[in-house]
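Chemist: One-letter residues, chain by chain:
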Amino acid sequence: MSTVTVKDYRANAQASTWCPGCGDFAVVAAMQRALVNLGLKPHQVVAVTGIGCSGKFNYYLGANAFNSMHGRSLPVAQAIKIANRDLVVIAAGGDGDGYGIGVGHFIHACRRNVDITYVVMDNHIYGLTTGQTSPTSRKGFKTKTTPYGAAEHPIRPLPLALASGCGFVAQGFSGDVKHLQSLFEAAIQHKGFALVNVLSPCVTFNKEQTYDWWRENLVNLDEREDYDPADRSAAYKVVNELNSLVTGIIYREERSDYQDELPNYDPQPLIYQDLSRPIQDRDELLAAFM
Amino acid sequence: MDFTWKIGGAQGEGIDSAGEIFALTLHRMGYYIYAYRHFMSLIKGGHTNYKVRVSSKQFRHRGDKLDMLVAFDQRSIDENLHELKNGGAVLYNAGAFEPKFPGDVDVVPIGVPMQQIAKDHGSIVMTNMAAMGASAALVGLEPDAFDAFIAERYGKHGAEVVEANRKVVRAGYEAASQVTTWRATLPEIPEENKRKKRVFMHGNDAIALGAVVAGCRVVAAYPITPATDILYSLLKLLPKYGGVVLQAEDEMAACQMAVGCNYAGVRAMTSTSGPGFSLMTETLGLAGVSETPVVIVDVQRAGPSTGMPTKTEQGDAFQAIFSSHGEIQRIVLAPATVEDCFYDIQRAFNLADKYQCPVIVLTDLALGLSKQSVDVDDIDFERISIDRGELLTEEQVKEIAANGGYKRYAITESGISPRALPGQEGGVHIAISYEHTEEGHEDETPFHRVSQTEKRIRKMSTFDPEEFGVRLSGDRKPELLLIGWGSTIGQIDEVRQALAAEGRSVAHLHLSVLYPFPTRAVREAIESAGSVLVVENNAFGQLQQLIQLHVGHYDHMHSCRKFSGEPFNVSEILSRANEVLAESKSVKEVG
Ligand SMILES: Cc1ncc(C[n+]2csc(CCOP(=O)(O)OP(=O)(O)O)c2C)c(N)n1
Ligand code: SF4
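As you go down the protein sequences, you meet chains A and B in turn. Using this note's numbering, the letters of the first sequence correspond one by one to residues 41 to 330. Using this note's numbering, the letters of the second sequence correspond one by one to residues 70 to 660.
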């Protein structure tokens, strides 16, 4: 078997249009390394995005890509996995995409538990539309649309994921590619829906949550020997106490995924099934209506 | 020759199940049945009724009139008496209420204490069974006519329940036999009917069955009347083939999921009604520009907004044809019959794959929920074979990869770019919602914008709506041309026949493709007719406006519109047709 290298991904990738220094570069790099480390070739992977700077993640990753509309990466990604469970499916996007316009899909994806990985590049701002407030912007944060400071409290993705039944909740930081890579590997290997929220600075429009700011404030749970990610109440507690300023695997639970729960589900991907069977079953199918 | 029966009461009194048992019994005896459900958007109370048209040949509507009404309450009489023929019977629940009739009507009231009978022989919830027994007596069925069904329906509740129901039926039968000499005459059952295999299904069932035959393996949808039954039918069919019925969080997700599956190579659809379709229009743009096949069924109900969820209307033609941001190619089909539903959904999947675009199948509540007897020979599993269009095989992709590389949006003469699937080695590509280059790279330069748009327009040029979307019956150069679309076919056909029987020269043009519009066929028909009547179940005349848009404005084109939420009666179209005929005659005489 030929081995896969990052070059195989880069061969398909487009030239970047992100600002130099954008946190999202690290996300792509970490994902490419994670996929290579897991022995996955570009054709075996589909990355699905919505719209945003971060929505271009899959242009630069170099795997198969489906670029949907703003906020709609998750429905498409789940469907691809349902159609062909042989594929490794990664949904990715920004905080506006995932926690604003697409937050309904996020909550339901957590509870539905289709076996995909969801990467949110959380920069606390709308990048592509040049600097408006985001659902994760802190209260009082000044942006073009909140010149007097944001009036709303921010969404807190980690407790939201936990409360919605997400079986794998992790948070990474673009300033630590190696750690990010390990989180991605664990997320992809996790059976079921896995969230990796990545604190990924927007160097152009967010002058507050900078690389330095994150470095000063983040605590890496993976380095804490006494932290047990299988303990749901501990997860709530630590996220609460540290105001979500954590990285690492926060919660992980082994359970059956969506497709396991389906009646009569055939482990062979739907894409390979014999479509002529209903014609052979004609009499039986019609009998139900007589 | 036909006989019409209706049972009415409050929602929650078992009206629907009584109606369905009555209908299915007669269907199995060899009659052709058309069953129409009148119901409301509530769970208990209100008024609901179930009308059964029983005939020796196939009709495609519920019939204007009524021979016999079974009334559980006064409201059932008040709301339905206008339909009753002179000398018709009203079988009412004696003791439960004292029926009042307007002084001038010619009706035969027949009181049977159905509720009391149910209490005495079973329980009060079996009142509908007492009504069934009484009905059986009055229409000349045997007392055991419903026995088989009772076992089928209530067997799961145990032998005691089955027995109690049967007892109640017999007691109702006895009581009705004694209290009146009024008897209905059912039509003869032609010998050939008994030999024919027939199914009893509605448009929603036929859509579900057709979808499975077409190779659809995933349906993602959000519940909405009157489309939810498609999910129920698919739940019975799909798991057998490893398929998935997924209740999405909303219609945006449902439609995006259908797109996602199709992108991955599995045929998938979504089904909804007007308000849900509105939420899906976002995804139409995506499917259009990313050139991903998707099939959307809109079982129309009376809008706008929540409107009248349990009433029928042909109000979504414009929405189906025009809704989307930007400009996209699509196909809109409007099946007219249950059989059409079965075939058109299969065509929809083939067309979606062939043209890599959204295909919308527009039915409505009347077609979607009215169960009918259909000859099994008309549900031909092999008539339409699966055609996946230009879907590349693993080998083809490898070859393309070796010869310069795969381009998802390659500019081709036909405008159709062969589709690789994720998972195929050498076929790694981007499907994209932005305007793009041949490779699928986001691009806003005029060259790519123009060449990709032209490609998307060009790919539709081989689609011919007249191949299966146009039915023309009657005279070639008629005095009057009736034009309709979708579920109104039965009534319009009956009007044409009635007028022809009076010696008028009439034709009927019925459309089941609304976009791309069958312009040539419509123009020819209109221009060869003395006058034209466009018949549709809406207020704004959407088909008529489409004709004006695609074909032109005509002084001899008139409209017949109904937007009360009810399907047309034949008499309504007939009187409008006579008006138009009289008008055009007077114009000719004067001129
Ligand atoms: C339906 C719709 N509404 C609005 C937009 C405009 N829009 C594009 S991206 C975006 C937000 C981007 O922010 P985020 O999702 O956080 O991603 P980022 O650019 O910061 O990576 C908005 C509002 C759109 N494309 N579609
Ligand atoms: S605007 Fe912000 S998020 Fe967008 S590319 Fe630039 S740095 Fe990254």
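Just so you know, the hints here were simulated from the structure itself, not pulled from any lab data. Quick caveat, the model's predicted, so the values are computed rather than measured. Some hints here could point you the wrong way.
Pairwise CB distance ranges, derived in the manner of DEER restraints [claimed, not checked]:
| no. | chain 1 | residue 1 | chain 2 | residue 2 | range |
| --- | --- | --- | --- | --- | --- |
| 1 | B | D449 | A | T57 | 32 to 38 Å |
| 2 | B | T531 | A | N304 | 50 to 56 Å |
| 3 | A | T169 | B | E523 | 26 to 32 Å |
Covered by chain A, according to a simulated footprint, are these stretches of chain B (three or more residues, beta-carbon under 8 Å) [claimed, not checked]:
| no. | region |
| --- | --- |
| 4 | 258-272 |
| 5 | 315-328 |
| 6 | 445-452 |
| 7 | 553-565 |
No residue lacks a Cβ here, since even glycine has one placed at the ideal position from N, Cα and C.
Chemist: Using the Cβ atoms, figure out if T531(B) sits within 50 to 56 Å of N304(A).
Modeler: 39 Å, violated
Chemist: The hint says 32 to 38 Å between D449(B) and T57(A); measuring C-beta to C-beta, is that right?
Modeler: Given about 54 Å between the Cβ atoms, the range is violated.
Chemist: Do three or more residues from the region 258-272 of chain B put their C-beta atoms closer than 8 Å to C-beta atoms of chain A?
Modeler: Check passed, 5 qualifying residues.
Chemist: Are there three or more residues in the region 445-452 of chain B whose C-beta lies within less than 8 Å of some C-beta in chain A?
Modeler: Since three or more residues must qualify, the claim that chain A covers the region 445-452 of chain B holds, with 4 doing so at under 8 Å.
Chemist: Are there three or more residues in the region 553-565 of chain B whose C-beta lies closer than 8 Å to some C-beta of chain A?
Modeler: violated (count 0)
Chemist: In this structure, is the beta-carbon distance linking T169(A) and E523(B) contained in 26 to 32 Å?
Modeler: Taking Cβ atoms as reference, T169(A) and E523(B) lie about 30 Å apart, which means the hint holds.
Chemist: With a cut-off of 8 Å between beta carbons, are at least three residues of the region 315-328 of chain B near chain A?
Modeler: holds (count 11)
The earlier numbered hints that this structure contradicts are 1, 2, 7.
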